[in-house]
Amino acid sequence: MTLHQLPIANKERVIIVGAGIGGLAASLRLSHLGYNVKVFETAQTGGGKLRTITGQTGEIDIGPTVLTLLPVFQNLFKSVGEDIFEHVELVRQKIIARHWWPDGETLDLYDDFETSRDAILNFSGSDSAKEFEKYFYDTRDLFSCFDVPVMRNPNPSMLDMNRAVLNNPKILFKMHPLRTLSSLLNYKFRDSRLQQLFGRYSTYVGGSPLESPALLSLIWQAEARGVWSIKGGMKKLARVLEKLAKDRGASFHYSTEVKELNIKYDRLVSVTDNLNISHEADKFIFNGDPRALALGKLGQDVKKVAPNEADCERSLSAYVWGFDAKVSGPDLVHHNVFFSDVKNSEFYDIKKGKMPVDPSIYICAQDRGKNAPYPTTERFEIILNAPPVSRRKSTPEDYEKCKEIT
17 MTLHQLPIAN KERVIIVGAG IGGLAASLRL SHLGYNVKVF ETAQTGGGKL RTITGQTGEI
77 DIGPTVLTLL PVFQNLFKSV GEDIFEHVEL VRQKIIARHW WPDGETLDLY DDFETSRDAI
137 LNFSGSDSAK EFEKYFYDTR DLFSCFDVPV MRNPNPSMLD MNRAVLNNPK ILFKMHPLRT
197 LSSLLNYKFR DSRLQQLFGR YSTYVGGSPL ESPALLSLIW QAEARGVWSI KGGMKKLARV
257 LEKLAKDRGA SFHYSTEVKE LNIKYDRLVS VTDNLNISHE ADKFIFNGDP RALALGKLGQ
317 DVKKVAPNEA DCERSLSAYV WGFDAKVSGP DLVHHNVFFS DVKNSEFYDI KKGKMPVDPS
377 IYICAQDRGK NAPYPTTERF EIILNAPPVS RRKSTPEDYE KCKEIT
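Read in this note's numbering, the sequence shown has 362 at position 346, and its numbers run on one by one without any break.
Careful, some of the hints might be misleading.
[To be verified] Pairs of lysine-lysine residues, derived as DSS-like cross-links and limited to a Cα-Cα distance of at most 30 Å, are as follows:
1. K54 - K65
2. K65 - K319
3. K252 - K319
Quick caveat, the hints were computed from the structure, so don't treat them as lab data. Just so you know, these numbers come straight off a predicted model, no measurement behind them.
Please take these sequences and the hints and turn them into a complete structure.
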């Protein structure tokens, strides 16, 4: 799809609050269409969760470490007359992730079904390989059913989901609407290690397998369809989107906090920044946490925009840190997960608002999986699941325990 530009005389003003990936993508598409776009961001740079810190060897990712659902980004670039491969160098990860257990057993999952099935056959036997085959095709069908009408829908609703099911009634039996993800995996796999592995995918949306609906089994397919790292780090994608938007006339205002959204005659007319300067526009996009609106953080007049968010349970948080170091030990790939000894024990602790005693540990070895020798000093990111920030605030003791565990 190619977007057609507006006549210059018809330029409308658009203000985007937040320069996360959503805000950057919107700024690019709208500026390409001919809108006069201004983006306001509290942080010093764009990218949102695509954060970095600086180590001895340069920038270290401390947010997302790989790109999935590549066609979504290809379509974004194509819609503005660009090719993503001309702007970022993507490296497909043949090994999606290497999984480790306390007994020393490991399992690699791959970016193609047959190789993953064979790996599971060698890891857990023929019954598990057959169970994986059934699980793979079920989740593939779920993903295909809900991809366009729900996940790519800019304003999805239960009606859209119901329509998708009515168009494919047999999919209901693969949704298991009365099961949690954990319950589904107990039903699908006899090997508790595979239950543990596929249950972890609920954390991709901040959920626990103990409470997330079985439908979230489809998240696995996001990785099964391909995982890419970006040479130069994930932040490079944000910088490219910003540059392309600037080339089309968008302006970015960093270290600028929007303090209030101003309503007049039931219509949003302007925003006020941290210097008490008012900025008017014809259209507005809020690329931020809707809970901030519901709690009146951006003015009492906009609380009604997302009223339910004020009381919603928060998603899981995480302990995250990045560093570079000379290391020895296990043979890491780009994506690595070291599972806890007891399945789901960390999620029971998190439900109680406690830091997990025996957490699973995600390690991204950022210089591996680049189709090139990795350096002597490597960059790493470590992530542990944590209780929602609304349930419990971290303490200095938590961080010390994290260091001890990892």
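Find the hints from earlier in the document that the structure breaks and name them by number, from lowest to highest. 3
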